[in-house]
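Here is what each chain is made of, one letter per residue.
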Amino acid sequence: MQFAKLIARNALRHKLRTGLTVLGLLIALLSFGLLQTVVGAWYAGANAAAPDRLVTRNAISLVFPMPPHYREKIRAVEGVKSVGAANWFGGIYQDPKKFFPQFAIDAAPYFAMYPEYRLDESDKRAFLRDRAGAVVGRKLADTYGFRVGDTLPLRGTIFPGDWTFTVRAIYDGAETRTDTSQMFFHWDYLNETMKRRVPRRANQVGVFVVQIADPARSAEVSQAIDAQFRNSLAETLTETEKAFQLGFVAMTEAIVVGIRVVSFVVIFIILAVMANTMAMTARERLPEYATLKALGFAPGYVAALVFGESLAIAAVGAALGIGLTFPVAAWFGTQTGTLFPALEVSPATVAMQLGCALAVGIAAAVLPGRRAARVRIVEGLRAIG
Amino acid sequence: MSTPLIEVRNVFKSYRRGGQVVPVLHDLTFEVQRGDFLGLMGPSGSGKSTLLNLLAGIDQPDAGEILVDGVDITRLSEAGLADWRAAAIGFVFQFYNLMPVLSAFENVELPLTLTPLSRRSRREHVAAALRLVGLADRMEHYPSELSGGQQQRVAIARALVTDPRLIVADEPTGDLDRQSAAEVLALLEQLNVEFGKTIVMVTHDRRAAERAHAIKYLDKGELSEAEDVRERSLR
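So the protein sequences, as listed, match chains A and B.
Number 390 marks the last residue of the first sequence (our numbering); no jumps.
Number 244 marks the last residue of the second sequence (our numbering); no jumps.
No lab work stands behind these hints, which were simulated from the structure alone.
Quick reminder that beta carbons are idealized off the backbone N, C-alpha and C, glycines included.
It is possible that some hints are incorrect.
What the hints assert, rightly or not - Distance windows between CB atoms, simulated:
(1) Thr124(B) / Ala364(A): 32 to 38 Å
(2) Glu231(B) / Lys10(A): 43 to 49 Å
(3) Val261(A) / His150(B): 55 to 61 Å
(4) Lys10(A) / Phe39(B): 50 to 56 Å
To be verified - Heads up, simulated SDA-like pairs for lysine to any residue below, C-alpha to C-alpha not over 20 Å straight-line:
(5) Lys103(A) / Phe337(A)
(6) Lys247(A) / Lys20(A)
(7) Lys86(A) / Tyr48(A)
(8) Lys86(A) / Phe337(A)
(9) Lys20(A) / Arg132(B)
(10) Lys10(A) / Leu126(B)
(11) Lys10(A) / His213(B)
(12) Lys10(A) / Glu154(B)
(13) Lys103(A) / Gln340(A)
(14) Lys20(A) / Ser112(B)
(15) Lys10(A) / Arg129(B)
(16) Lys129(A) / Pro114(A)
(17) Lys10(A) / Pro152(B)
(18) Lys20(A) / Ser153(B)
(19) Lys10(A) / Asp36(B)
(20) Lys102(A) / Gly166(A)
(21) Lys10(A) / Met148(B)
(22) Lys86(A) / Ala229(A)
(23) Lys10(A) / Asp228(B)
(24) Lys200(A) / Tyr119(A)
(25) Lys20(A) / Pro109(B)
(26) Lys10(A) / Glu149(B)
(27) Lys20(A) / Arg131(B)
(28) Lys102(A) / Ala91(A)
(29) Lys10(A) / Ser127(B)
Start from the sequences and build out the full structure, keeping to the hints where you can.
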């Protein structure tokens with residue numbers, strides 16, 4: 006009891022110093038949590054990938070298309086359950102800054118392969134009936150105020166001309182991490198329009214999403230698919246959806262690594278600040294530690310006082326920093342619009358924040374605690390006056 | 010005749026300063042009887058506080074033996090010395106050395122937390138000690154809310170609360186005005202006379218020394234005869 010009382014009162018002895026240290030910890034852990042959440046959002050696509058989905062693309066590059074008749078050949082490969090074409094559209098809604106992903110898809114098989122996109126059945130039927138219909142995610146709809154029945158105009162970039170869609174359905178995510186910032190419309194609508202506008206750009210597919218019966222056979226099925234198109238004009242590369250998504254992350258890996266490094270640098274900075282605080286504290290209290298030892302308290306007790314105080318400050322900073330990460334991440338998500346489809350503070354991030362706070366609390370007290378425990382009573386008492 | 014409480018035999022102590030060995034205590038041998046009130050006097054740097062630290066087990070001699078109540082404290086380990094100090098020694102420092110974040114009550118209770126006493130027993134002991142030093146009405150006050158004399162009386166209560174055999178006081182009146190110093194000395198005298206505590210006190214103060222039953226004068230690491238010293242110090 007006396008021990009806890011000493012720790013608590015010692016921690017509050019220099020309120021400004023302790024307050025500033027807690028504030029520093031709060032900011033550091035909040036920054037760390039936000040940066041880790043952003044990194045997590047970077048991997049959201051890969052994390053949301055299903056093991057039974059493969060992606061087939063042109064072996065040379067994603068930029069090069071494949072002919073649509075590959076669809077049937079892929080479907081015929083043993084182990085394949087379903088195939089759907091998908092094209093990145095890249096249109097502009099009102100302003101280039103209002104970016105969101107748009108895909109032209111084989112609607113029926115595509116939504117069957119993505120059960121995590123949840124649509125109202127009647128809205129889904131309305132979408133399947135309307136060739137110029139579109140489905141938008143909940144986050145996208147909330148961001149721009151789209152409602153079912155609204156007209157959604159896009160200006161083509163990859164596929165030229167003005168495009169007009171009608172929102173027929175809004176999908177929700179099965180989980181909070183499901184990306185609901187996308188727009189889908191019919192691949193047939195894209196293809197037929199391109200046949201009229203730029204015939205040579207018609208009949209082109211960006212990727213085929215392939216559902217397989219047994220995820221354990223993904224490598225075997227991938228090889229079988231690619232074998233179908235060997236020595237053709239458009240050889241293919243088939244990989245798991247996760248590998249495909251990680252390929253995108255790899256393109257920006259330097260940024261991800263940079264963010265990760267910065268998040269840990271922030272923790273090292275606060276470690277230095279905290280260590281300085283504890284060193285000052287221990288130096289000021291050497292006479293008190295010497296007195297305690299003279300009274301018969303063991304060196305371990307004195308060291309525990311320093312560690313206890315350091316951990317108490319770290320715990321308060323951690324509680325505030327972690328507690329604030331959730332609302333700040335939510336606010337950050339609204340400010341960045343559809344840039345990060347699933348900005349969610351994960352349990353792993355909270356665990357890392359707790360781990361960092363604990364590590365800072367312990368590491369900052371190591372040297373001051375050792376010094377306090379080892380102080381010679383005679384020398385410590387001499388420091389008075 | 011009973012055995013002395015403290016037996017100091019052929020004790021040597023020196024310090025290292027800048028690579029040089031500076032002898033502080035040279036072949037000291039003396040005894041302190043149970044119930045004595047011994048004053049240690051001498052000029053600055055004569056080794057008074059060093060000798061007191063050795064008797065209290067917070068420093069170790071280079072050579073020699075120090076027996077307190079039959080225990081040779083020079084042979085105890087650091088942990089053994091800590092336990093011994095907790096049970097056998099009461100400290101009174103010049104600058105009181107109270108924990109500023111603890112109340113008078115909590116400061117006096119501090120050494121008792123090392124004992125197996127129940128919380129209730131501890132409270133009774135602390136209340137009795139604070140009553141004895143005349144601060145029963147200041148139990149909840151923090152050191153910063155007390156005068157120097159009151160702080161030193163809290164320190165004395167802390168020193169006696171574990172009922173130690175020996176109380177060591179290093180310049181207990183050195184930081185006090187005359188009135189407070191007189192109160193503190195009266196209190197130490199009361200502990201000695203009424204409760205039979207053996208007290209060893211280092212002081213520069215002639216008035217303080219007058220309270221002691223015996224005075225030893227330390228100069229250049231050697232003790233002088235008490236009779237001469239009394240005359241010299243009181244001159």
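_For a quick check of understanding: which of the numbered hints are violated here, in increasing order?_
4, 6, 7, 8, 9, 11, 19, 23, 24, 27, 28
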